[in-house]
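Undergrad: So you can see what is in the structure, the chains are spelled out below.
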Amino acid sequence: MTALRRYPVLAALVLGALFMVVPFAVVALNAVKSPAEYAAHGPLSLPHGLYLDGVEDFWRRVDFGRKLLNSVLISGSVAIGAAVLSVLNAYAIGIGRIRGRAWVLAFFVLANTLPQEALVYPLYYLSKQAGLYDTRLSVIIVFTVIQAAFGTYLLSSVLGRFPREIIEAARIDGANRWQVLWRIVVPVSRPTIGVLLVFFFIWTWNEFLLPLVMLISNDNQTVSVALGVLQGQRLMDATMTNAAALLGVLPAVVFFLVFQRTLTRGIAAGAVK
Amino acid sequence: MTVTALRGGRAVRGRHDAAARPLRPRSSYVLFLLPGFAAFLVVVVVPFLMNTGVSLTDWQGVGTPAWAGLANYRELLDDSEFWASFRHSLFMVVAMAVVPTALGLVLAAALFDFVAKHFGARTAALLRACFYLPQVLPIAVAGIVWSWILAPDDGTLNDLLRAVGLGSWQQDWLGDPDIALYSVMGVMVWVQLGFPLVVFMAGLQRADPELYEAAELDGAGWWRRFRHITLPQIRPEISVVLLWCTIAALKVFGAVYVLTKGGPGGATDVPSYFSFTTFFEKTQVGYGAAISTVLTAIVLVLALVGLWFQTRAEDAEEGGRA
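In order, the protein sequence lines correspond to chains A and B. For the record, in the first sequence the residue sitting at position 50 is 484 according to the numbering used here, with numbers rising by one throughout. For the record, in the second sequence the residue sitting at position 100 is 102 according to the numbering used here, with numbers rising by one throughout.
Just chain A, same shape as in the assembly (with noise of 0.2 Å):
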């Protein structure tokens, strides 16, 4: 193919790759411009220097430093927990290949499916009556049950082509089930567990229904709570909703520097599947 009809395929999908990402380039130039600077200007302008007041008060009006901490904690504790649920879980399907395990697989996938709607009302009701009500322990637990149906169900798949030689060798060599699943089967499965603890985190980090529901407090809230309750009152100003925008930006643009490789391996995984 001539050099001629080669560049304009690539210019439109350049181009196209631009949009998405300009908005991320907009929002970081404006949130280090002066409000005076913004309305002077508008927008489209380039910054004349670098102002980090807006950031700063931003951060400090809404504590982000503890929104920050309510949403690694939270995401983290379901991370781990959801995972060591999907092990337990795929353990006995996968491996242990139990009587009626298509349903028991069936089940967890329909429950991944459920809309949350139709459980937050009286998962609300009920953390109330058990006391857990705006506590970051009650979002933790139901997260982990949540994120755990995917997990049983992609390591499930993965589980069942299992090698069963290891399995018959380390048995013969007196290991009983639990050791078989924490020496061998976990170990050979890192991969997999790695990139369902990558997706689990961001899935929980991303949340916005039920931490709405559930954390009212703001000692409480996570980082897309605390910034979808401002927005939704809308309150702020220019500079200040792009200050938001961009601590909101950083964090999912670290996880995606830093996680890039294992989601794509984890998603080509999960999708054929």
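Fair warning: there could be bad hints in the mix.
Unchecked claim - Simulated crosslink set (DSBU-like; lysine-lysine; CA at most 30 Å straight-line):
1) B/Lys284 <-> B/Lys263
2) B/Lys263 <-> A/Lys562
3) A/Lys562 <-> B/Lys284
Hints were generated in silico from the structure; no laboratory data involved.
Mind docking chain B on chain A? Use the hints.
TA: Below, chain B alone, put in the same frame as chain A:
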């Protein structure tokens, strides 16, 4: 998928029975399922049953629910807000499933079959990363970014239109009831596009490069290679992505909450947001439960149909191979 597994299960069991193995060892694996099962009972099954039960009552969230039978559902049938919210759901399916899948297919084929070949795999990977970036962004943050870009007075989009001399195209993108739904759809395409793209590109890795070379030698153009090699190759991915995205579109909540709060005047209301406001703002818990039950029924039917199609496709594939 499930049915294949079931059939596999029977086959395995048959062999075991023939060998007259004792049952005990296999059943002890059930113990590993107990924690997961108990947790699901408390967090998913019981709340779901409660929600369905409450949908048959008249309840404000305090006191004892009063039995109402199917009254809530009868009321839904006459509620124009309810019908409007589901009509908007169809628009969301277009914006989050149909358009991203179609665009994702073309982009994946272009990146895989064209950019990677002529400009190197690194260029393709970089472009793919750009398209995927919005997917890792919390929806609340995406909402903040876009509601500022689409703001009527000092929004970036209107400013940009003014700067290039298209001032007459300026709109109150999220505030005009005739436009708001399309603006939200546009944002959702932006959010969703990376997912099908990445899945399709992963699927294309399985394609035999010789197939493409042979087709190219035979003089097949880009379009014919796309239709006759790319599409059949990733058909399983296409159906999984379509189903997954359709379900996600039916459940969309965060974007509507942050961008428009269902407004203006209900122009962008969707079932999940409608049930949320009915639960927590109007505190008509019974009615809200009925809305979410209808939504759940639709999602579950879709999921079951999807699973059924997947099994059938796998069966056909196995039949072809045998």
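Undergrad: Just pull the numbers of the violated hints for me, sorted ascending.
TA: Failing hints: none at all.
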